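Colleague: With chain A's structure known, arrange chain B on it following the hints.
Same order as they appear, the protein sequences are chains A and B.
One point on numbering: in numbering that gives the first Met the number 0, the residue at position 493 of the first sequence is 492, and numbering is uninterrupted.
One point on numbering: in numbering that gives the first Met the number 0, the residue at position 95 of the second sequence is 94, and numbering is uninterrupted.
FYI, nobody ran anything at the bench for these hints, they're computed from the structure.
From a predicted model like this one, the values you see are computed outputs, not experimental measurements.
The beta-carbon is built from N, C-alpha and C at its ideal position, and this holds for glycine as well.
Each hint should be verified, as a subset may be incorrect.
Over 10 angstroms on every C-beta distance to chain B, these chain A residues come out as not near it, computed from the model [claimed, not checked]:
1) 22
2) 330
3) 508
4) 625
5) 681
No more than 30 angstroms apart at the CA atoms, straight line, and that leaves these computed lysine-lysine pairs for DSSO-like [claimed, not checked]:
6) B:255 x A:749
7) A:408 x A:388
8) B:22 x A:123
9) A:127 x B:22
10) A:623 x B:250
11) A:749 x B:250
12) A:144 x B:255
13) B:255 x A:127
14) A:623 x B:243
15) B:13 x B:151
16) B:151 x B:250
17) A:123 x B:255
18) A:197 x A:408
19) A:144 x A:103
20) B:151 x A:123
21) A:197 x A:623
22) A:277 x A:130
23) B:232 x B:250
24) A:400 x A:388
25) A:400 x A:434
26) B:255 x A:623
27) A:311 x A:197
28) A:127 x B:151
29) B:255 x A:197
30) A:103 x B:255
31) A:400 x A:187
32) A:32 x A:499
33) B:155 x B:13
34) B:243 x A:749
35) A:434 x A:314
36) A:434 x A:623
Now for the letters of each chain:
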Amino acid sequence: MALDSKSEYDVRTFKVVGTRVQRPDGVDKVTGKARFGADITAPGMLTGLILRSPHAHARIRSIDTSAAEALPGVHAVVTSADFTPIDDDDFTDDILANCMARDKALYDGHAVAAVAASSGHIAKAALKLIKVDYEVLPHVTDVDKAIEPGAPVLHEGRSDETVPEGASPNIISRCEFGHGDVEAGLAKADRVVERSFKTEATHQGYIEPHACLAQMSTDGTADLWCCTQGHYMVRNTCAAIFRMEQGQLRVTASEIGGGFGGKTTVFLEPVALMLARKSGRPVKMVMSRSEVLRATGPTSSSSVDVRIGMTKDGKITGAFAELRYQGGAYPGSPVEMGAMSAFAAYDLEHVKTVGWDIVCNRPKQAAYRAPGAPMAAFAVESAIDELAKGFGLDPIEVRLKNAAREGTKSSYGVTYPAIGLEATLRTARDHPHWKAPLGPNQGRGVACGFWFNFGGDTCVSLNITPDGTVTVSEGNPDIGGSRASMSMMAAEELGIPYEKVRTIVADTGSLGQNEVTDGSRVTFAVGLATIKAARAAKAEMCKRAAMTWGIDPEAVEWRDGAAHATGHNAGEHPPMTLAEIAAIASNTGGPIAGHCEANPEGAGVSFATHMVDTEVDPDTGATKILRYTVFQDAGKAVHPDYVEGQFQGGATQGIGWALNEEYIYGEDGTLQNPGFLDYRVPVASDLPMIDTVILEIPNPGHPYGVRGVGETSIVPPLAAVANAVSEAADVRMTQIPMSPPRLLSAILAK
Amino acid sequence: MQYLAPQTLDDAVKALASQPDAKVLAGGTDLLVRMRSDMIHPDVVLDIKRIDETRRITQEDGGWRIGASVSAAEMGENAALVADWPGVVEAANLIGSTQIQGRCTIVGNLCNASPAADSVPAMVAANATVRVVGPEGTRDVPVQEIPVSPGKTSLKPGEFVASVFLPPRPERSGDAYLRFIPRTEMDIAVVSAGVALQLDEGGTCTAARVSLGAVAPTVLLVPEAADTLIGTKVDEPALEALAKAASAAAKPIADKRGTVEYRVHVAGVLARRAAVIARNRAGGAS
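The shape of chain A in the complex, shown without the other chains (with noise of 0.2 angstroms):
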């Protein structure tokens, strides 16, 4: 997350990039013919299941698998029995314990044991032959209050050194960020407002669900093919797990179904390898919605108190915020991010954040899209809206006066260089949507939204066909348009037509280590590194060009798709265009390449601005989207269509958030709602087009300009539709869902 490294950049003209190229994978997902998780096939596989605890929290006091274990037609079940802790890796034996519970079952649905059967329906019926003896134990599933004094305990003794002696034994960590002395800061303040805000758990509500094949040979080598947003990452967490050498664990990632960061960790990789350890034969598991829902990661509920104080004229003089994070029954909520990202969209002399991680009995939390920012923004967002609001000020210029730029020192401690938040807020107090006349019940929100971007290590491989077509290799699966990405800016480094590349997403044996598909990393880091693997082909080509041609390597350079000689030799030779390159590299050298291995830190950090008008339907609490606009800057935006996208989405995504998903617990603390019946994504009825304005403020860090855009998009629409809602509605909403009971109990208690 270095933000100083050299430019990379050159300003340049582009031919591909930028245009809107018909997409790789098109034909095959609209056909059928892509092949999912679920699509994977061997011969004489088994299907694998899973049972699950129907307890939020209990001991287990024993499992009897005998019963199962004699079913005809099942061929192996599996308990945590079957496991050896991590001892040494925290991080790598929760995963496993999360996989397969150990002494206690930690939340409703956590997995206690698996089988592995000729068939779905012996394996369904092997699973109610297994009978485990819980002691049921009391639960707590709210953030606040998991660390109340007397609060039911998950872990004994995983508190850091940063908790204070005597805190609840649910704290995890504590983390601070800032500088400055808010104090002082919030003293100099004409107003200052204290708020609390509280955030529900939602899931990334990928549509395909998770599924895996795995193989093991009796000679201790294994296959995996798994629908996953990074599959090197599967390879060593299961490599790990079975104390295997990565290099004997081969996975394959399938296409993937969405992902938004709930794919970049296990859950049934390592119990399927096990299956099939045991069984001997290669074993299928596909999880149903409701398994999704009940055990895999959605994203930390939240509970975040700020103080914000301002002068009369929109100057923010001091800024404070604790959060507090559940990170389900495991350590490691996004606390911290969200602590860093809180303030970090202005530039403030006085500003801290303090986060605590905590554990309640919830399933493990996984990344979701910009994880832990988009809480912390809205508590933000809400309070510097209310204050410019109570000044009778406008909430864009009260952000254009506060806002972070170029030379800002943020609150989690970096300088920025050149950034795009004040093009984003300029571009929205510009635009029509802002002066557009609103009816009655009807109410206009704005938030500014921030993420951090990622680099990561990325290998790529680019190779030249004898008839002079060229093939991209890269490690990371496609969540977000990449093979298209990536052939676009192949095609533009090597100056020929986007048709002639294919980019493929490799196994785990064809490439080095691949970071997983997250941070909004895959088109700036293996763009980077498609660039210059082409440029690494390129100097071969010029290379090859010259033994051709019998001058010096230095005296031939590459444009429009060609070797051409330069200097004295030009005009000497014609150019040879990369196909007649191709075609006779086997008698200058054998094949052509190239490839680049990065660990690019040049990122480039993120902005955005959302807009959005809502209608509170006052009698029943009900809120309906009636436009809404996105600004953020890109960078460079590749593909439009798919930047666009993105932004869309994260919109989406942040717009059910806001206003109806949300996990619901039971008394008992079971999830109530395991199904998108009622765990209410939005559906395309439910929104206007989102409208989008794409930004480009070239970013340092990459050759031309990109910068990551899928996560920031999903930072500020809770703030900006609670913003609105709120005036709307004309009461400030301080907890979201705003779901219609809850909004209407709010309006009626007014």
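Modeller: Structure of chain B alone, referenced to chain A:
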């Protein structure tokens, strides 16, 4: 599992008499979902879609007989039926999604016995009856007497519903159904209300039926709410009284879809809004 598909009502009755635990299949939008989600494992499924009488919409004595296998979408395609009972047809076409509406039936919606069923309050307000066939013969029963509690009906072993009868639509009458859901489609009513009413030439309400869904174990017919409209022009004071009476009659539970307070309040809001639509359809003051 055995699958039976008789061609006549008589054969269906006989088959069901010998297999009283068989599940009757029409559109399957509830039954198949329950089977797929492991909630039930029937040994016999009796498909009634091959029986002609269940597939028809026919005019009868000035009213409408709708077979048990007629889908909601088919009802929506019948312009004369839509003109007579727009509230009932609209209610049926709120169920599920467009795809579901091509399969689902109002009889299935009734016999699923959910208090939140969309078509049921509309049928209750319309004073619809159903024709029940069984080993002991045929009987006509008011719609509101079929569900007795969530998931349970008053049908006796071996009985099933063959059709619904919507009575002739009186002059200057109208019906309407409204439900509240947190999204715009593909959801289940948190609260719902059906209103059917008749006006005289001067626009005064002479008869009314008001029903509420999802506020009690079964869909409620609320005569005291209807009484607030009768004798009025269905004007502001009457609507205010209607809303109060509807809220007073609501006896909901709190669950994942809504609180008690929410459902009580919104029952009144929806009854009032439905009454305005029904009044306007009847040609009354708008």
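Colleague: Take the hints in turn and mark each one as holding or not.
Modeller: Tested hints:
1. 22: Holds, since 26 angstroms exceeds 10 angstroms.
2. 330: Check passes; 29 angstroms lies beyond 10 angstroms.
3. 508: holds, 38 angstroms
4. 625: Per Cβ check, residue 625 (chain A) is outside 10 angstroms of chain B; nearest 13 angstroms; holds.
5. 681: violated, 7 angstroms
6. B:255 x A:749: holds, 24 angstroms
7. A:408 x A:388: Status holds; Cα separation ~27 angstroms.
8. B:22 x A:123: holds, 22 angstroms
9. A:127 x B:22: holds, 24 angstroms
10. A:623 x B:250: holds, 28 angstroms
11. A:749 x B:250: holds, 25 angstroms
12. A:144 x B:255: holds, 20 angstroms
13. B:255 x A:127: Measuring from Cα to Cα gives roughly 28 angstroms; hence the hint holds.
14. A:623 x B:243: holds, 26 angstroms
15. B:13 x B:151: Distance ~22 angstroms between residue 13 (chain B) and residue 151 (chain B) Cα, so the pair holds.
16. B:151 x B:250: With Cα atoms ~19 angstroms apart, residue 151 (chain B) and residue 250 (chain B) stay inside 30 angstroms; holds.
17. A:123 x B:255: holds, 28 angstroms
18. A:197 x A:408: holds, 28 angstroms
19. A:144 x A:103: holds, 20 angstroms
20. B:151 x A:123: holds, 28 angstroms
21. A:197 x A:623: Within the cut-off at roughly 22 angstroms; holds.
22. A:277 x A:130: holds, 20 angstroms
23. B:232 x B:250: holds, 28 angstroms
24. A:400 x A:388: holds, 15 angstroms
25. A:400 x A:434: Within the cut-off at roughly 20 angstroms; holds.
26. B:255 x A:623: holds, 21 angstroms
27. A:311 x A:197: holds, 28 angstroms
28. A:127 x B:151: Roughly 27 angstroms separates the two Cα atoms, so the pair holds.
29. B:255 x A:197: Between residue 255 (chain B) and residue 197 (chain A) the Cα gap is close to 18 angstroms, so the pair holds against 30 angstroms.
30. A:103 x B:255: Given that 30 angstroms is the threshold and the Cα spacing comes to 27 angstroms, the pair holds.
31. A:400 x A:187: Measuring from Cα to Cα gives roughly 17 angstroms; hence the hint holds.
32. A:32 x A:499: holds, 22 angstroms
33. B:155 x B:13: holds, 14 angstroms
34. B:243 x A:749: holds, 21 angstroms
35. A:434 x A:314: holds, 24 angstroms
36. A:434 x A:623: Holds, at about 19 angstroms.
Violated hints amount to a single one, hint 5; each of the other numbered hints is respected by the structure.
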